[in-house]
Amino acid sequence: GAVVSQHPSWVICKSGTSVKIECRSLDFQATTMFWYRQFPKQSLMLMATSNEGSKATYEQGVEKDKFLINHASLTLSTLTVTSAHPEDSSFYICSASGTSGINEQFFGPGTRLTVL
Amino acid sequence: LAKTTQPISMDSYEGQEVNITCSHNNIATNDYITWYQQFPSQGPRFIIQGYKTKVTNEVASLFIPADRKSSTLSLPRVSLSDTAVYYCLVGDTTGANNLFFGTGTRLTVIP
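Here the protein sequences line up with chains A and B, keeping their order.
Just so you know, we're using this note's numbering here: the first sequence kicks off at 1 and counts up by one.
Just so you know, we're using this note's numbering here: the second sequence kicks off at 1 and counts up by one.
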């Protein structure tokens, strides 16, 4: 089956630093990748959609200058949280879809970010 | 945007069949219904997807009535390891509806 990995699985950083999270599709080409954020006891919230080679589309209320998304290849998308603050602490999850369409979403294991 | 409504939580004893219903009154003609399972601190895992009537796989069954305004995920003989949050999503293969998660249903299986 389609496998999506994320790295790192968890990260702790100081306030004001930047953190990069990688999302890789291991056995298929992901034309579209999605980034979600999930706070404790809450549902997943879509942050942005990225297509390979083009700029990401951000959901309303998500700061594109703070959450930089790069989808440079068909197997890799990165999310960089710039100048992280404690309120950015959350569980970040990526998903990917291939040529079969958006219904076929494969999720990564998530990355736990804690900003001190 | 097809919105879904599910019960916030459910409890069940081990070995019982669990049915979780999702309402999606404004489902569009091209929309499919997809269910995901999520354990704490993990990404969602695909369970089942359907368009109409009944779909069954090795994990669950999905029942969809003729009007498609609701769907029911059926988990046969649940075990403690089925304790998780279950999400119902509605969308088509090209639109964005399938990307928005509702509240989900937190299933707790009791020994």
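It is worth saying that the hints were derived from the structure and are not from the lab.
We treat Cβ as the ideally placed atom computed from N, Cα and C, and that holds for glycine.
Some hints could be false.
Not the full set, but computed from the structure, chain B residues with beta-carbon under 10 Å of chain A [stated by the list, open to error]:
id	residue
1	Pro65
2	Ala66
3	Lys69
4	Leu99
5	Thr103
27 Å max Cα-Cα, derived BS3-like pairs, lysine-lysine [what the hints assert, rightly or not]:
id	chain 1	residue 1	chain 2	residue 2
6	B	Lys3	A	Lys64
7	A	Lys41	B	Lys54
8	A	Lys64	A	Lys20
9	B	Lys69	B	Lys54
Derived Cβ-Cβ restraints for the label pairs, each shown as a range [to be verified]:
id	chain 1	residue 1	chain 2	residue 2	range
10	B	Asn25	A	Ser73	39 to 47 Å
11	A	His7	B	Ser74	34 to 42 Å
12	B	Asp67	A	Ser5	35 to 43 Å
13	B	Asn25	A	Ser15	28 to 36 Å
14	B	Asp67	A	Ser15	47 to 55 Å
Each hint tested on the structure:
no.: 1; hint: Pro65; in the structure: 21 Å, violated
no.: 2; hint: Ala66; in the structure: 21 Å, violated
no.: 3; hint: Lys69; in the structure: 19 Å, violated
no.: 4; hint: Leu99; in the structure: 5 Å, holds
no.: 5; hint: Thr103; in the structure: 6 Å, holds
no.: 6; hint: B:Lys3 / A:Lys64; in the structure: 26 Å, holds
no.: 7; hint: A:Lys41 / B:Lys54; in the structure: 31 Å, violated
no.: 8; hint: A:Lys64 / A:Lys20; in the structure: 14 Å, holds
no.: 9; hint: B:Lys69 / B:Lys54; in the structure: 14 Å, holds
no.: 10; hint: B:Asn25 / A:Ser73: 39 to 47 Å; in the structure: 40 Å, holds
no.: 11; hint: A:His7 / B:Ser74: 34 to 42 Å; in the structure: 36 Å, holds
no.: 12; hint: B:Asp67 / A:Ser5: 35 to 43 Å; in the structure: 40 Å, holds
no.: 13; hint: B:Asn25 / A:Ser15: 28 to 36 Å; in the structure: 44 Å, violated
no.: 14; hint: B:Asp67 / A:Ser15: 47 to 55 Å; in the structure: 52 Å, holds
The structure fails to meet hints 1, 2, 3, 7, 13 from the earlier list, while all remaining hints are met.
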